[in-house]
Structures are given as structure tokens and as C-alpha cells.
Amino acid sequence: KAGVTQTPRYLIKTRGQQVTLSCSPISGHRSVSWYQQTPGQGLQFLFEYFSETQRNKGNFPGRFSGRQFSNSRSEMNVSTLELGDSALYLCASSSGFRMGYSGNTIYFGEGSWLTVV
Amino acid sequence: AQSVTQPDIHITVSEGASLELRCNYSYGATPYLFWYVQSPGQGLQLLLKYFSGDTLVQGIKGFEAEFKRSQSSFNLRKPSVHWSDAAEYFCAVGSNTGNQFYFGTGTSLTVIP
Chain A
41 KAGVTQTPRY LIKTRGQQVT LSCSPISGHR SVSWYQQTPG QGLQFLFEYF
91 SETQRNKGNF PGRFSGRQFS NSRSEMNVST LELGDSALYL CASSSGFRMG
141 YSGNTIYFGE GSWLTVV
Chain B
316 AQSVTQPDIH ITVSEGASLE LRCNYSYGAT PYLFWYVQSP GQGLQLLLKY
366 FSGDTLVQGI KGFEAEFKRS QSSFNLRKPS VHWSDAAEYF CAVGSNTGNQ
416 FYFGTGTSLT VIP
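Keeping their order, the protein sequence lines are chains A and B. Using my numbering, read the first sequence as starting at 41 and increasing by one per residue. Using my numbering, read the second sequence as starting at 316 and increasing by one per residue.
Just so you know, the hints here were simulated from the structure itself, not pulled from any lab data. Each hint can be trusted.
For each label pair, taking beta carbons as the anchor points, the in silico distance ranges come out as:
| hint | chain 1 | residue 1 | chain 2 | residue 2 | range |
| --- | --- | --- | --- | --- | --- |
| 1 | A | F137 | B | I324 | 30 to 36 Å |
| 2 | A | K97 | B | H397 | 37 to 43 Å |
| 3 | B | K383 | A | G56 | 45 to 51 Å |
| 4 | B | A316 | A | G43 | 27 to 33 Å |
| 5 | A | G98 | B | E335 | 27 to 33 Å |
| 6 | A | K53 | B | I324 | 26 to 32 Å |
Glycine is no exception: its CB is placed at the ideal position from the N, C-alpha and C atoms.
Please work from the sequences and hints to get the whole structure.
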């Protein structure tokens, strides 16, 4: 069974540009969530999508957006990039059941490393 | 509000020694608790999770964790550390409001021969 796939793995962008990151969840999983990891702020929740609907959103500016397609694949977009957006962006995939459901296991991808120069 | 504290930023242990990584959480309801490990340049791998029931949870790679409600703690332990255990360890509490984690700041583990 293939794991969570994130593309691209590494990318460099210039301030002011925009970027789109992609996440393909595990087959059959309907929930995709995104996290930003930086040395200063640690792991912070961006948003979660379930069946093409944003179900939960973290405390990030509107420059950060996402969407989910009917095949559960998800993209996140960051517009008007700032230096502080340099981070590892992690995608997590799950069945979408509530957190406490014993059968619900959440898997992370290897992440997309974004460097803004 | 939910939060997780990992008091130890960095820990060094000798190979073969025992290990305990501390985690304290703040959560209003029954917590869903997790430990993840991250190797350099990699994503997060689930070590173990606690939802309910037996407070001592067994995970992969010989790790275990004990949930102590009275202390709001979920410490990770391993009786004998291997050099390959060197990594960053994250404790997390999960929210029922969507599949959202609140992560601690992580503990970096160095294993010396």
C-alpha cells in the first residue's frame, strides 16, 4: 500500500511569488491535513480537508489556502511568499473518522521543503 | 485550549541505556495522545497512540508510553536505546474537531556509543 506522497520534495522560490504543493493520500483515505514545520515555531496546523470540504483551519493568514479534489488529493497554495514561509510542509492522511475512533490512524508524508529567497 | 509541553529540548544517552522522554498536555476532555518520531529530512512516523483503556501503551521499535491522568503526562520510554533511535521525538494531543494535532516542540535525542 503506497504511503502519503508529497510533491515536490524540494523547491526554491523568490519573495512575492506563489507556490503550490501537492499531497496524494493513502488510497481510501478521505481526510488530508497540512502542517508547517519551522525551527522557531515547530509544527503548526494549517488546515484539514475532508470530502472536498475544509473542516478545520489553523491560525494562518489568508495567503495560505488549500483545496481537495474528488479523488482526495489535496493542494495547498501560498501566495505572495515571504522569507518566513520557508519551512517543511507536511501533509497527513487519514480515514477521516473522528480522532478517537480506534480504527483511525493518521499517516504523514515526507514533506515538501520550501525555501524562499 | 489544548497544548503540549516537552520540557527537554535535547537529551543525550549512551547506547544500551534506558530512555524516558517527558510530555505534559493540557486538554479539557479525554485526550487522544500520540508520539511521533522524525529522522532528519523525513516526515513523521507514528510510534504509538493512546485513546482509552490500558494506560500503558506499547508501540513500535520497542517503545512504550504511560498515560497518567493525575499528572497530565504521557511519557515515552525505552529500556535499551539503539544508535538508530537518534532522532527528533514529538508528543501530540489530538482534537476531535477534525483530525487536528497539537504538537509539542520536540525533543532531540542523541545516542552516543
